[in-house]
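A.B. asks: Residue-level listing of the chains:
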Amino acid sequence: MRIPLPNGGWTVLFFSGWLLLTGAANSSLRADETERPPTDAEVEFFERSVRPVLVNNCFRCHSAAEKQRGGLRVDSRQHLLTGGDTGAALVPGKPEESRLIRAIRYDDPDLRMPPKGKLADEEIKALTRWIEMGAPWPNSQPTASTTQPAEGDIWTRTIHWSFQPIRVTEPPRVRQVAWPRSAVDQFILAKLEAAGLTPAVPAEKPALLRRITFDLTGLPPTRAELDAFLKDNSPHAFEKVVDRLLESPHFGERWARHWLDLMRYAETLGHEFDYPLHHAWQYRNYVIRAFNADVPYDQFVTEHLAGDLLENPRRHPVEGFNESIIGTGFWYLGEDKHAPVDVRAEEAARMDNQIDVFSKTFLGLTVACARCHDHKFDPISAADYYALAGFLRSSVRQEVPLDPHGKIAAAADELAALRASGTETLSAALSGVSAGLPERIVARLLSGDLKWPELDPEQKKKAEWSDPLFFLHELNLADSDKADEFASRRDALRKRYQQQHERAESFFENTTLFADFDGGDFGGWFTVGKAFGERPTQPGDWDSRSAGARLIAPGVAHSGLLANRLTGVLRSPSFTITQPNILYRVAGKNAEVRLIIDGYRMNIFNALLFGGIAFKVNSDEFIWHRQAGDVSKFIGHRAYIEVVDDGDGWVAIDEVRFADLGPAPPERPSAPIREMLQQEDLDSPAALARAVGKVMADQLRRLQEGSLNAEGATLLNRVLDLGLLAPSDSAGGLAAISEQMRSRGEQVPEPMRVVAIGEGTPDDEHVFIRGNHKTPGELVHRRMLQAISGADQPRIENGSGRLELARRILDPGNPFPSRVMVNRVWQHLFGEGLVPSVDNFGVLGQEPTHPELLDYLADEFRNDGWSIKRLIRRLVLSRAYQMASTPGGRGDELDPQNWLLHRARIRRLEGEAIRDSMLLISGRLDRAQEGSSVPIYLTPFMQGRGRPQGGPLDGNGRRSIYIAIHRNFLSPMMLAFDTPIPFTAIGRRNVSNVPAQALILLNDPFVVQQAQLWAKRRLAESSQSPEERIRELYLDAFARPPSADEVAAGIAFLQQQANEYKLPGDRWEQDERVWTDFCHVLFNVKEFIFLQ
Amino acid sequence: MSHCGRYAAPPLTRREMLARCANGFGAVALSSLLAAEGFAAPASAGDSRELNPFAPRQPHYAPRVRSVIFLYMDGGVSQVDTFDPKPRLDRDNGKPFGTKIQPTQFNNIGNTLASPWKFRQYGESGIPVSELFPHVAKHVDSLAVIRSMVSNFPEHTNANYFLHTGHGQQGRPSMGAWAGYGLGTECQDLPSFVVLNGGLIPPGGLDNFNSGFLPATYQGSVFAGSDPPVANVKPTEATPALQRNKLALLKQLDGSVLERMGHVDQLESAVANYELAARMQLAVPDLMDIREETPATLEMYGLNASWRNTQTFGRQCLIARRLVERGVRFIELTCPSGNGDRWDQHGNLKDGHEKNALSVDQPIAALLQDLKQRGLFEETLVVWASEFGRTPFAQGTNGRDHNPFGFSIWLAGGGIKGGTIYGATDEFGYHAIENKVEIHDLHATMLHLLGIDHTRLTFRFSGRDMRLTDVHGELIRGILS
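So the sequences go chain by chain: A and B. For the first sequence, numbering that gives the first Met the number 0 gives the first residue as 0, with consecutive numbering after it. For the second sequence, numbering that gives the first Met the number 0 gives the first residue as 0, with consecutive numbering after it.
Don't read these hints as lab results, they were simulated from the structure. Cβ atoms here follow ideal geometry from the backbone N, Cα and C, with glycine treated the same way. All clues given are correct.
Partner residues are not named here, just some residues of chain B that face chain A (Cβ under 8 Å, in silico):
1. Q104
2. N106
3. H155
4. P202
5. S225
6. N231
7. K233
8. T238
9. L241
10. L249
11. L266
12. A269
13. I432
14. K435
15. S461
Just chain A, same shape as in the assembly (with noise of 0.2 Å):
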């Protein structure tokens, strides 16, 4: 395309030196204070060539009409300088460093635009002319309206209710006084009459016992506690059923599935081949456990924070084990992908499900929303976002063996204790054998009794260097054979050390040493498990690997010093990879060394693409590893090492080194030998011999102060191997010692192994713009959302700082957990929450229908120490929760919604009741509690990668909460009668009604299954009249008798089905298959699975 220029030599002259001008004052000065008026020929230029092309393909999206993407606006020569969430678009002069040419040349995958196409050819060059014409703009004022939300916006949005401190006020006062049993009945009673209307009467006994044995254990009430409570008249009857139901512990495990639909609990990790979420059971009994035994509420969330952190642990109160880490482990219930392409992709999206999960039912926000731009409606900014990301990054995914009964810590610390009397004796061994030493040594090794093993060349190979004193091998002092030779052979080995010496110096000054583990402890590097002990080895520690007396090398982290049973992971500060290999010296049996980039560990599943950051660990003797796949295109990630000894084995780890690619590390040559052969009076065999003997006295004395560093004790090792140090009493003593760990170490059990959340290396987190990882903009540290703890929050100094955010979340300022906690109780309780969008406190969520008594509720709930089972108590022993559910009349015309609760709700029951109370009263039910999960049953229909091992049509019995739930295998039942996907939080369950449920219930083989055992049950019990047994299966199934026309519509079906099977006579009576289908019936009667 020509450009018309009317005076072309004058142009490029002037514009030369304007773009100097231009470049040079870049940096200082606005572009604008530098602009001039463009030319006539500029304004046409950019009018015929310039403005079209903007207007037609980049107006959609960034102009002040239109959208904003990005931030970008494309509509004033000032916005593409000021230019979007990345930065400048257009540097005047400079089309190759302007973004918007990078973009519409379409060479950067990340960065193309128009998004729908590239722009045609010249097109292309007229935007890349234009730019390095200075980009003259005509008229280039820019419009008023601006891009960003005006500050202070997040401040005011915090008028909404929900960020108002809780306000407690006096229960109102009613007319009718004589109605009301506690202030929760006088705010609801107030409303109602100021409404105009009336509160129900009180449900009937046998109604209201079905309602609150379901809503406190999930199942029906039995006939004996029908019987009962029935029979008791005292005013405190139902009081006593509440109290029984609170104590019973089917209590925990109805109360733990409505928790568990918040932590979107799974048992795998979904996607393609819905890998295992190994120990997710046990997180699923711990909240059991919680609920039953009534954690405060504020506890519990702490425990979910940061349990791993509590000083003092809740523990189990039979087995003792810590409690309180268990908790942790909701973070990781979620989804995990095993071949992600972009790693640190996968990381954000997992963390925006940690933080979705985690605000949504802490805090009833979606905090979520905010992760790639502010809150639309809430006052949640980006940056509180990603300083809640902050605390994730700052910690990491672990594995922690739990310890009931406290028998591992106890093996642990016996052995611990047996090893130090090992290298107590060993030393007091040592230090008194020092004197004559060298002379000792000398005369040894010019004796010629010494004999060294023949080797073949490979085993030559190897001791080479790692065996300081093979020299001796070839050079035999004793030899006199050889003696002539001396000097040369001298000569020659001087030299051999040299180069070996400057070749492992060259190579490792090439290399970054990250750890070398010589200190008084593991330096930053984290432990889990009691295999690795308090400390890496220190200088004169007994080898208790060992049966004798033999030193181990100081500067080594090892599990293996005091049983092999014991398991333990050590763990790397987080470091930011820069080079491509790392190298690692390493030993072990049975161990694992993993590399965590991005917080990626699906490897164990599935390595692809992931090939090499993981390697088994089986070598007794000390070994340079590489990593065993190039990390080059990982570099600028950040990871951590893993050291894991999970077994029967041990793993030792001695330095890790960044290093390029390229060959295994040389070893290097023992310094004190090296050293010692460059003296210059070795002369002689003899000269030799003394030259060795001194070398060996000096480790010694190193070992006395403490000094004695790894080749010391690798050469000390060898003097004892040679017989020339061996006290005759310490090697008997070490010698039982070894003995008595051993028996000991065979004692040490298995742990209990669960998934929780873990210190990692402190880091904050930068705001990712527009949600994308590859354009990070500022960094936030850690806090808390500033709309609730404040802008003024102290710096999160040290570790994670979890705990610290869960003490800001329950800041008594924060009005959140309490309310929304409570409201999810009065939703369970009543079918709808007083704030019925239960996990949105925010602008598009719900308001409350009585916000009076919201915040006396929460108030309440706060100040009686965040019991739940209490405020349960007091929910359901109010008139309000007590009353019939009958509709019709004036509360139904007023209150067509029941939001001011005329009435009780009448509520269908969820998917896990149906089942367990068909369970209970075909007297199926296993009341067994806890343990690990039953395999799922699976149907014909449930197909796809990841097919599990199928279980029992009845999971043994067992109630729903027990069945395994597989992500890509959920059960038909439970997702026909909503049980949610798990996916996120979701604190409210739809109630839909689909042809699935109905199909389920007549036609599903394991609803046939139970009512034949319960037609079995009840024809089994005793010789009863139909009547009497039509009678006994309705008090099963609907905890009330059946009236006189349903008796006798229940015979007359019998009978019907009597001849459509063809039984002759009163045979029906007693037919298993009349009253199986009669029982079948029951099932499907609208009563069963619906609460009045």
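Go by the hints and put chain B onto chain A.
C.D. replies: What follows is chain B alone, placed relative to chain A:
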């Protein structure tokens, strides 16, 4: 045959609902309802769907089609081997690939790989189609081929969820669920969203067809090739009379429950639910019974074909037509298993793509033909799509890896401008560079043809009014007639 035809119960309008709900519970709830425009109803607040979730509902504007058939080509069909010929690949065959390569799923990059199949132009439009689809090629003047499709995800599960639900993670409603939620169904004895399972359940599992946060009512019902085709649809009783008696007693006892507990909507609709279930017990066997079809029809669909999977998919296509006749809103077909692998040829492209194409080509052509000859073509939208395409360079030596940056799909039926090629990839067939079409755009267009404005079909969840198209989606106007 039990047609449902154009059954249309008078819908309970939004306005009526508002009038009914607004009287008693004050301005708070009223404002939240008013804020919920169009379909955006808080699930709790008196939605007509709670009374009869399947009742047909008014679209936003006149629909072009009443049913959708989604032919899901599981695994990722290669665009450069089917509908997007690239001579450059022939020239560069065996040479290092000529442009920058993005990270791939398997990271096993080979050289440029020419298509093993020849292309020919067909019909008046002259759209080129490869040898893999000789039957579909005959209908090319009815197809709108989009060559510039893109996805956000390079691996199956995310891409499947994205294609089906507009979001890369588990838990969102499938497009068929949204269609049922938006429009209900014209068929009162079958579900609104039926998945005909040919054998392959896509990675990500049945959640590709789920209702997410929408009520379970709208989840896809999976019909298998087995008997019974739907779970629990077959009565367990030995004789019809035994079940009839049960249902009669049930009706009577439920009647007394209604008397006892009150005639509330929830209970009444639960009772009505059994009527639908009972109708389904009859309708499903009727649907699956293809004995009434003529031998010519069976032949056309490939039910006598020598390749067994052609028979399998042919039967599915035939059932799909029968579902359209019955007014089912959204029908998805998954591919048969037993072709070695889904369309996911990381190796052995030639063998795998040939078997997969052989399985579906004739049945799909027959479906188009049959819809046309029965006058159903103009009221049905047929969509043929994978979750992504495949790389123009080899994986190893003879396979192709996943490619979400540019791939081909086609649409046909009511409202579609046949004989159209829309969009283009670069000279390698690697990246879409002209008229790029996103999954959200496809969804927006599908809903549009059903008479739904995708920006107004919303459901409040997780603090906002969720849409199938999230905050995206533009109509693909270039393919609309």
